[in-house]
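Q: Read off the chains here:
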Amino acid sequence: MAKRIDVSGLTAYYGSHKAIEDISMTVEPRSVTAFIGPSGCGKSTFLRTLNRMHEVTPGGRVEGKVLLDDEDLYGSGIDPVSVRREVGMVFQRPNPFPTMSIFDNVAAGLRLNGNYKKAQLGEIVEKSLKGANLWNEVKDRLNKPGSGLSGGQQQRLCIARAIAVEPDVLLMDEPCSALDPISTLAIEDLIGELKERFTIVIVTHNMQQAARVSDRTAFFNLSAVGQPGRLIEIDDTERIFSNPSVQATEDYISGRFG
Amino acid sequence: MSTAAVTDRRPSTLRGARLPKWSPWAIAAGSVLVAVAIGLAAGLTSRIQWGLIAAILFVVGTYVIAGRVEGRRQAKDRIATSLVWVAFLIALVPLISLIWTTLARGVHDFNLYFLTHSMGFVADSDTGGGIYHAIIGSLEQVGLATVIGAPVGVLTAIYLVEYGRGRLARAVTFFVDVMTGIPSIVAGLFILSLMLMADMQPFGFAGSLALAILMMPVVVRSTEEMLKLVPNELREASLALGVPKWRTILKVVVPTSIGGIVTGVMLAVARIAGETAPILLLVWGNAFINNNPFSGAQQALPLYIYQQYANSSGSPAAYDRAWAASLTLIAFVMILNLAARGIARWKAPKTGR
Amino acid sequence: MDISTQTTEAPPPTPPPSATERKRDARGATRAGDRVFLGLSRGSGILLLVIMAAIAVFLTYRASLAISADHGNFLTTFEWNTNLNPPVFGIAVLAFGTVVSSIIAMALAVPVAVAIALFLTHYAPRRLSGPISYVIDLLAAVPSIVYGLWGALILVPHMTGLYSWLNEYLGWTGIFSWDGGAPRAMLTVGLLLAIMILPIITNVSREVFRQVPRMHEEAALALGATRWEVVRISVLPFGRSGVISASMLGLGRALGETMAVATVLSPTFDIQASLLNPGGGTFAQNIASKFGEATEQGRDALIASGLVLFVITLLVNGAARAIIARRKEYSGANA
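First to last, the protein sequences are chains S, V and W.
Taking the working numbering, I'd label the letters of the first sequence as residues 441 to 698.
Taking the working numbering, I'd label the letters of the second sequence as residues 1095 to 1447.
Taking the working numbering, I'd label the letters of the third sequence as residues -2 to 332.
Note that these hints are calculated values from the structure, not bench results.
Ideal Cβ positions, reconstructed from N, Cα and C, are used throughout, including at glycine.
Hints may be right or wrong, so weigh each one.
[Unchecked claim] Derived SDA-like pairs (lysine to any residue); straight-line CA-CA distance at most 25 Å:
1. K458(S) <-> R124(W)
2. K1441(V) <-> A291(W)
3. K1170(V) <-> A121(W)
4. K1115(V) <-> T497(S)
5. K1115(V) <-> I518(S)
6. K635(S) <-> A651(S)
7. K1115(V) <-> L507(S)
8. K1170(V) <-> T497(S)
9. K505(S) <-> A1111(V)
10. K558(S) <-> L582(S)
11. K1170(V) <-> R229(W)
12. K1322(V) <-> V33(W)
13. K1170(V) <-> L550(S)
14. K1115(V) <-> G517(S)
15. K1339(V) <-> V33(W)
16. K1339(V) <-> P1325(V)
17. K1115(V) <-> Y120(W)
18. K1441(V) <-> V132(W)
19. K1170(V) <-> I693(S)
20. K584(S) <-> Q560(S)
21. K567(S) <-> R637(S)
22. K1170(V) <-> S516(S)
23. K458(S) <-> R123(W)
24. K1115(V) <-> D519(S)
25. K584(S) <-> V209(W)
26. K1115(V) <-> S126(W)
27. K1115(V) <-> N553(S)
28. K557(S) <-> G1165(V)
29. K1115(V) <-> R123(W)
30. K1322(V) <-> L246(W)
31. K1170(V) <-> Y556(S)
32. K1170(V) <-> V240(W)
33. K1322(V) <-> Y120(W)
34. K458(S) <-> M212(W)
35. K1441(V) <-> L1344(V)
36. K635(S) <-> Q648(S)
37. K1115(V) <-> G500(S)
[Stated by the list, open to error] From the derived model, a few chain S residues whose C-beta atoms are all more than 10 Å from chain W:
38. G515
39. I518
40. E526
Isolated chain S, as found in the complex (with noise of 0.2 Å):
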């Protein structure tokens, strides 16, 4: 179920600007990879590359390869929508369909895709909130509106929408940036269980959330301003956090810049 991503010389524009550059790195299965980095460095929009959401904002196009297993993402002939399906997204922000139950929010991906059978859709939402740990939270009240909820619990509540269609893949966009600490910390549990069964990737702004969830790190920095980011390097966290390779990372992560 959990793929392996292989991206190779991967570059990204928004028109004619190159937000990043020549980009490529193993992202191994069943783990939990960070991108850290100071802000513009694009490691979200690095992100946004690998389930095709880069090409949704006006002006974003892409080249190099991204392989999903073996398949590469932007061959021709791929469908972005399947591709979207198999590696799920959580943004920054929690965003649940504001018009729709907590119950209806879990089950859009699957309305959508259509092949489930009703009898097992109720069975699908719980096993996707419980995976969420949000089941507790929200078993007595799944008509409800999603938006009621807290913002951590909101934010669960998009994990459990997206783990609900099985991706191969799940990416998080700085998932915890507009939670409170407690809030973040059930969700950095939930990170660690969810990697049993996912590929994670997070980009995240706080790098002992890096420390504290990730198997591997990848820095991202820019030269200057206006200059398109790179990958600067990628190892295993605990190496890259006691002893990388490169300058620019130890100083990155001892808190000399960014």
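Let chain S serve as the given structure and place chains V and W on it in line with the hints.
A: Frame of chain S; chains V and W shown alone:
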């Protein structure tokens, strides 16, 4: 292209069968051809019917072909896309026709003579004559309406935004909403009922009063929006300097939003300049030049158009004049609109976005 | 904005007489200025209320004169003979015609307007959508009399084909049977009204769809939604109340439209079962057509019918606002 079966979704396939990029154009071309063939065979004279048949064929064809090749979800997506395109193209037909006809037929009579002569001593079915009297009437009536309506509207908006708390403000807000919905003919009837009581004959200013009523709520709404955009920090900064509230409003709040306020007033002017119904009831229409809006029937451009159409029993000369007057009226309204937009962009508050 | 240059009333450089005196002066001047200004602006607000009250009072008064003189039933009589003595008139035909033409207009205009708004915000190439939005903005400002002239001289001749087609295939329903007269019937009126209100509904809907937060759309996209599914699960639910208020705006225009109806319809004072046979009338059109020959009594009768139109538009506006308020409560928490 891969022919991987779509039925078996797992193990996953990222490549569903896709129609080639040119397929919508091909289907469109095919539909048009078939529609023309049907039209010729069935002897349908109206090109509009041909177009409709083509549109229906296109939508149905897209759904069937996409459903076969790509599956139901993609077919639905494609049908939505084609419906949206078809709706857009169909709606373009009357709107383009309206603009085009007004231009094409309007230029026939549109010249300096037309702009500078009245209809005095010109029978409705004869050629000649012009709209000078209507332009004078429209300018006077709309001008007077603006002189009344704009200040009342702006001041009311200031009251609502800067002072308005409590029951009075809520009542005003509510009734401004109600007033926005008044049909123009009802505003005309209201003034008419006053004129019946005072036993007055039609005159230009009566029309102005009705137009002012129609203008006020529009100005209030747009001005309110603009004043709300002024950040509170600006007001507080001024008040903190010990500047009295009324001077803060006049010297800080209003100048900051003046571009938007002027835009709103101009759009409201453009709207009332095209109103016919109240003018018909209150100003009556006049073939001669009457420069005095306070006495005697006047003419106005929209009413002129109506009367050239309605009172001429199909004379081509009258229709030509009606089109030329329409062109004049549209040009006036468009220039006001464009100018208003220009001002809005030029004077847009620099604070925030 | 630089406050200091705006406020010329800075404290004088020379030391003022005494602190208390200055304070009193300032407060006195402040009070006078504030009072005048507040009075002016509040007065304007009150003037609006007075106008609204006056409209209601005077229309009702003149209408009551007419209705008490009416020897028919004001609500059910199928006649408009205000010059008889005693006069006989009723609004049944007008109410029917107004409602029917507006229903046709809404049924045609709303779906198309929503589709165009979606086209402009979610489907059209960006280079196309900007200029088109602009043109539609301008079209919304075209005076209704121009639509009326166009409708009478261009649209009406083009309706013959549609009329005969409808008559041939759907004539058996009764609604679409046609006696072959000039196509100046309710269907044409409804279509012209639809064309007229299309730009305004499109504009408002477009603004609403444009305000759908990006994150809601991305949420749907990230689940593997097609473009249509994004529209269906995040754009349309978000925009629903806005589309309703846009439609009501359009409906208000259609109900009260005078000239575009008066130029296109050939009115008779009866109710036609078929939408294709000339006949019927609307409140506004009837006022415009009957006004010329009306005596004072006739004018009062027209005012009475105008009052009914006024009440109908008020009800429509009220209903719209109630719907929107209810929707707001439901999705109010969407942060």
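Q: None of the hints should be skipped; say for each whether it holds.
A: Hint check results:
{"no.": "1", "hint": "K458(S) <-> R124(W)", "verdict": "holds (22 Å)"}
{"no.": "2", "hint": "K1441(V) <-> A291(W)", "verdict": "violated (50 Å)"}
{"no.": "3", "hint": "K1170(V) <-> A121(W)", "verdict": "holds (18 Å)"}
{"no.": "4", "hint": "K1115(V) <-> T497(S)", "verdict": "holds (21 Å)"}
{"no.": "5", "hint": "K1115(V) <-> I518(S)", "verdict": "holds (13 Å)"}
{"no.": "6", "hint": "K635(S) <-> A651(S)", "verdict": "holds (15 Å)"}
{"no.": "7", "hint": "K1115(V) <-> L507(S)", "verdict": "holds (24 Å)"}
{"no.": "8", "hint": "K1170(V) <-> T497(S)", "verdict": "holds (23 Å)"}
{"no.": "9", "hint": "K505(S) <-> A1111(V)", "verdict": "holds (21 Å)"}
{"no.": "10", "hint": "K558(S) <-> L582(S)", "verdict": "holds (17 Å)"}
{"no.": "11", "hint": "K1170(V) <-> R229(W)", "verdict": "holds (11 Å)"}
{"no.": "12", "hint": "K1322(V) <-> V33(W)", "verdict": "holds (22 Å)"}
{"no.": "13", "hint": "K1170(V) <-> L550(S)", "verdict": "holds (17 Å)"}
{"no.": "14", "hint": "K1115(V) <-> G517(S)", "verdict": "holds (11 Å)"}
{"no.": "15", "hint": "K1339(V) <-> V33(W)", "verdict": "holds (11 Å)"}
{"no.": "16", "hint": "K1339(V) <-> P1325(V)", "verdict": "holds (15 Å)"}
{"no.": "17", "hint": "K1115(V) <-> Y120(W)", "verdict": "holds (16 Å)"}
{"no.": "18", "hint": "K1441(V) <-> V132(W)", "verdict": "holds (22 Å)"}
{"no.": "19", "hint": "K1170(V) <-> I693(S)", "verdict": "violated (50 Å)"}
{"no.": "20", "hint": "K584(S) <-> Q560(S)", "verdict": "holds (21 Å)"}
{"no.": "21", "hint": "K567(S) <-> R637(S)", "verdict": "holds (13 Å)"}
{"no.": "22", "hint": "K1170(V) <-> S516(S)", "verdict": "holds (22 Å)"}
{"no.": "23", "hint": "K458(S) <-> R123(W)", "verdict": "holds (21 Å)"}
{"no.": "24", "hint": "K1115(V) <-> D519(S)", "verdict": "holds (13 Å)"}
{"no.": "25", "hint": "K584(S) <-> V209(W)", "verdict": "holds (22 Å)"}
{"no.": "26", "hint": "K1115(V) <-> S126(W)", "verdict": "holds (21 Å)"}
{"no.": "27", "hint": "K1115(V) <-> N553(S)", "verdict": "holds (23 Å)"}
{"no.": "28", "hint": "K557(S) <-> G1165(V)", "verdict": "holds (18 Å)"}
{"no.": "29", "hint": "K1115(V) <-> R123(W)", "verdict": "holds (19 Å)"}
{"no.": "30", "hint": "K1322(V) <-> L246(W)", "verdict": "holds (23 Å)"}
{"no.": "31", "hint": "K1170(V) <-> Y556(S)", "verdict": "holds (19 Å)"}
{"no.": "32", "hint": "K1170(V) <-> V240(W)", "verdict": "holds (23 Å)"}
{"no.": "33", "hint": "K1322(V) <-> Y120(W)", "verdict": "violated (33 Å)"}
{"no.": "34", "hint": "K458(S) <-> M212(W)", "verdict": "holds (23 Å)"}
{"no.": "35", "hint": "K1441(V) <-> L1344(V)", "verdict": "holds (17 Å)"}
{"no.": "36", "hint": "K635(S) <-> Q648(S)", "verdict": "holds (18 Å)"}
{"no.": "37", "hint": "K1115(V) <-> G500(S)", "verdict": "holds (19 Å)"}
{"no.": "38", "hint": "G515", "verdict": "holds (18 Å)"}
{"no.": "39", "hint": "I518", "verdict": "holds (13 Å)"}
{"no.": "40", "hint": "E526", "verdict": "violated (8 Å)"}
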